[in-house]
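The listed protein sequences correspond, in order, to chains A and B.
The opening position of the first sequence corresponds to residue 1 in my numbering, with each subsequent residue numbered one higher.
The opening position of the second sequence corresponds to residue 1 in my numbering, with each subsequent residue numbered one higher.
Since the hints were derived computationally from the structure, they do not count as laboratory data.
Don't take each hint at face value.
As the list claims (entries may be wrong) - Covered stretches of chain A (chain B as the covering partner; in silico rule of three or more C-beta atoms under 8 Å from a C-beta of chain B): (1) 100-109; (2) 150-164; (3) 209-223; (4) 230-238.
C-beta atoms are modelled at their ideal positions from N, C-alpha and C, and glycine is treated no differently.
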Amino acid sequence: MNAGPFLLATLSLAILGGGAAFHPSLRHASLPARAAAAMGFGAVLLTLAGMLLTAAGVRWSVPALAAIPLAVSLAAGFWWRRRPAVAMPPMTAGRAARWTLVGAGGVSLALLGWALVSGSATSVDYLFFWGVKAARFADVRGVDVGLLRWPFFVHAVVDYPPLVPIVQAFGAIAAGELPWRTVPLTSLFWVAAAAPLLRSLLRRRLDGDSATAVTAFWIAAMSASVTTSLSGANAEAPLLFFESIAVAALLTEDAASSRFLPAWMLAGAVLTKVEGTVGAILIVLGAAAHDVLERRPALLRRSAGLALPPAAALSAWFLFQHHFGLRPGFRGHGGFFALHFDHVGTVLSRLPLALEAGTFGLSWLLPLVLLIAARPTPGRFLPAFALSAGLLAFLVFDYLHDRENPAIRISWTAPRVSQPALSALILASGLASFDPNRRRRSSTKSDTASVPALTAAP
Amino acid sequence: MTRLRLAWLAGAAVLALFPLWRFFARPLREQLRLPLTPVDRVDGARARQWQFLEESRAHVPPKSSFTVLAEDPDVEMALYMMSYGVLLDTLPLPTRYYGNPTAYSGREAKYVLAFGLPEAPEPADRLRLVARVAGGAVYERKSPR
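Looking at chain A on its own, in the form it has when it is part of the complex:
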């Protein structure tokens, strides 16, 4: 039975990235929230370690792969522990909110878990390339560069960044082989892990009941979407985790907040999927535009602090490709401006249909209606709006590159790729609709200026 060791190895990402739990911006968060942040940090460190070992010619093993993340994590954890922690509001919620979170959230996650285990929520992409890469990497104890160079392996999108195959290969090495039917369950981990961290971040701006209500909605919406878009075992769930946490952290920060968490989550996003790079660029631009509008101090330093970790992570992958004679960068769908405008009608009519998210579109509609009703100041929500609108615009742009009718590709990919856009919409709408300032917007002061700063704990 190799399912147990595989799942334990995947969960141990939270230990590999444990240092993140001691970062001043997270130390006063709940234990599950800190563990979730550590899991994301651990996945990023493990991916970098996997590439480094292969580049150095060292065969992968569980101790070898774990050593680098653990060393970095321990050093960072000790360093961060000495710095004063930032206060976080206590996580309290009334009975109705708590029971909805436990009931609706619990049922949603349980059914997502069952769908993943029962072979109802996984696409064949897992059998065609995601799982294939993980199994082969584990088998050769490293990134199988020879295979990535083999001309008859290009179907496996060899330019895709390596986080998911490396994380799954780590579990496969611990288990002895890749447990194909168990691996999809890891998608549940990413969705479930995001919930407590999102709730903690939302709580920085909302009261406990409201933060809990938005989190419950997010869990139910994303669980239904991950199931019906067949996102099991592929890169969608980790990408959703990384981008959602980054957006929530940026939406709830103040001018002095550390950007450690969103920056490292964006590093995770770019190492997970090509769309992660698109998302990271949109989020960074949205955050920078917000800083400019708010006239926040240290604009360049803070923007660089947000952009540097994802840029460094992406550079590491491109350098790795270059080092091994692979073509660095990502493969596009034809020339950048080689657009087929005869597909505009198909794209604009099929894309909205593909956004039903397993709920006949209700997951999109309710937050959208509440957001419009809240009439928020757009500036504060730019990181979320940039991701939501920008990602959908990018999808239109991408589908217009298809020479053939893109209808089938839209129905196949849009439900999955649009998930971070839905997540960002829910988070922005939740924060905007419960915004205590929106009823006294006659004031010329900005939203964030009237929210108490997140100060260091005594």
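Fit chain B to the known structure of chain A by using the hints.
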């Protein structure tokens, strides 16, 4: 409780009903059956092809090369892609790649995994039947090119 909070909480509860409805839309016995492959309930054809490869695995020795043959080029391509994951420590060589015949690769393979073909894909003096498995057969080439 404010009406707004109620809207979010009720929304969450309503959204949770969709997967619940889908779960109970099928007979419980069918829902609780454990799958044989990760795509049993979403793509039965690929699930059968995956099982064919899993059953073939025992008949292809480590370090050897093989090719996959099927009548439909799309099926052949799918089998080729999946074979990398099922038959580790072997070298899959495509006879057709996305439907296009490859120059020599497939013909150089030592083993032939024939899926859904009514008879042996090459004359008997060139192929030896190793095993019949669900969905097809495994052959060994007597003298691969």
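> When the hints from earlier in the document are held up against this structure, which numbers fail?
Replying inline: Hint check: nothing fails, all pass.
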